[in-house]
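Chemist: Sequence:
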Amino acid sequence: RVGQGERAGAAQRAAAAMGCTQSQSAESTLSHKVDDELRHARDKEARRVKLLLLGAGESGKTTFLNQFRVLHGDGFTKSRLRDMRAVIHRRLLTDVKEVIRASAEGIAGRPLEGDALDAAQRLLVASESSELTEETAADIALLWEDGNFRATWEGRSAYQVVDSWGAFAAQCHKFPEWGGPSWMPSISDAILTRVRTVGIVVENLLIDGINFSIYDMGGQLGERRKWIHAFSEVTGILFVAAISEYDQKMLEDSSKNRLVDALDLFKDTANKPFFKNTTIILFLNKSDLFRYKLCERKVPLNQSGLFPDAPDTFEYEDGLAWVKAKFRAQTKHKVYLHVTMATDTRNVEVVFNSCRDAIISQSLKDIGLLKD
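Numbered per the working numbering, the sequence shown spans residues 1 to 372.
Be aware that a few hints might be false.
Pairs of lysine to any residue, SDA-like flavour, derived with a Cα cap of 20 Å [claimed, not checked]:
# : residue 1 : residue 2
1 : Lys334    : Lys256
2 : Lys97     : Lys78
3 : Lys256    : Val299
4 : Lys174    : Val198
5 : Lys326    : Thr345
6 : Lys78     : Leu93
7 : Lys174    : Arg150
Hints listed in this document are in silico derivations from the structure and should not be mistaken for laboratory results.
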């Protein structure tokens, strides 16, 4: 009986050992699986390119983001385009009232007369929250063809209005095909639509197999303090500056020139210790408006009196060279500089393709796959 007991005990110990081994094997398999998943997650994160889209308000940052969506993302869904209707209608009425007031108060242009004055008075009391009506569209179309109104519009540097408003006003004579109850904004309309960025908007795009996360940061004075929350693990900065605004004042601070603010903001951003090893790409934006203002309207670069070093010229290349030098002088950091027109999809595509290699190279350096 003792022999049988010993054999039974040995069998129990063997079974326990086998169970233990199986348990350890299962735990080991699970551990390897977790390690693989963590490694995969780290590899995926390492391949993610984080870009900060920075710049002052109304510099064209969000227009760039919209172009990136069209070129590399889902573009504009029907739902998003439908939502743009109200934004465009509201912008049409908000800004036409600003032009009318600037004319009436002698800020720019000439006083309105006759039918144009009657249309202006109707528009001043029109609701900005309602759909565009036939009468409202007709009144805006009438003003757009009026010489005194257009003179005031041309002098818009003296007051606050969005540059793209004119493109919408020029369409109002097509109502209801454009702007009517069944009208759907086009991609071009959506790209031109100015929507103020509040907080941080993140767009994730897959470009040539690489995950890009683009952070569009609100550029108004009150929004800039939030930027620091996105400063970690940044691959590159896309800084947008509107070079056409050399004679304009800020919306948030009428005592400060917009180009001065853009230069100060770029200097502060490019020289932050956070971005010592970060790729910095500078978009000198609104080059078409800069050319028009300088070469056709003959607005001096030192119109504000704040740029005594500006050349006394109305030549585009001379003016552009001066602007480039002003920005380059703000930092010793290597800067990839591009002259842009964010409303032109083809221009944005060419520019982004040309700077993409620099961005990807920096990403490879960040994960140790490429040395300086």
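Chemist: For every hint, state whether the structure bears it out.
Modeler: Here is how each hint holds up against the structure:
1. Among the hinted pairs, Lys334 with Lys256 is inconsistent with the structure: their alpha-carbon atoms are about 28 Å apart, more than 20 Å.
2. Distance restraint check for Lys97 and Lys78: the Cα-Cα separation of roughly 30 Å exceeds the 20 Å cut-off, and the hinted pair is therefore not satisfied.
3. Proximity of Lys256 to Val299 is assessed by CA-CA distance (about 18 Å); at most 20 Å being required, the pair is judged to hold.
4. A threshold of 20 Å between alpha carbons decides the hint, and for Lys174 with Val198 the separation of about 33 Å lies outside it, so the pair is violated.
5. A C-alpha spacing of about 27 Å is found between Lys326 and Thr345, which places the hinted pair above 20 Å, so the restraint is violated.
6. Restraint check for Lys78 and Leu93: not satisfied, since their Cα atoms lie roughly 24 Å apart, outside the 20 Å limit.
7. Under the criterion of a C-alpha separation no larger than 20 Å, the hint pairing Lys174 with Arg150 is consistent with the structure, at around 19 Å.
Hint violations for this structure: numbers 1, 2, 4, 5, 6, all remaining hints satisfied.
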